[in-house]
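> Sequence:
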Amino acid sequence: MDVAATSSEYLHITVTATLAGDPLTLTTPPQIAIIPGSTNPAEDDWHTGTWADGHARIRLGPGGITLTPGTYWTWIRFAAGSEQPVHRAGRIRIY
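Heads up: the sequence shown at position 20 corresponds to 8 in the working numbering, and the numbers run straight through without jumps.
Calculated directly from the structure, the hints in this document are not laboratory data.
Do not take every clue at face value.
Stated by the list, open to error - Quick list of simulated restraints, FRET-style, between CB atoms: (1) His43 - Leu7: 13 to 23 Å; (2) Pro11 - Thr56: 31 to 41 Å; (3) Arg81 - Asp33: 31 to 41 Å; (4) His0 - Glu31: 21 to 31 Å; (5) Pro24 - Glu71: 24 to 34 Å.
This one's a predicted model, so the numbers in the text were calculated from it and none came from an experiment.
Note that beta-carbon positions come from the ideal geometry of N, C-alpha and C, so glycine has one too.
Throw the hints in and build the complete structure from the sequences for me.
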């Protein structure tokens, strides 16, 4: 995904959570990290997002996470029953 540094928009991450094949409704807000390296995020890298139609989302730009031009890795973690998965979700390029 390529985003202008001056843009104000949501970054969406698709999340599918199931238990024995049945979809889980996730209610605890997701945590999203956007970092410039591929190493695991530190605890203070995480930001609270929201759920919207099966996607985790977080606002980028003014009023949200402001990023300078560069390439970043996006990460997501969320509570799913007794588990808390942490996944690298992809890359974003800010120009």
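> Which numbered hints turn out to be false for this structure?
Of the numbered hints, just 3 does not hold.
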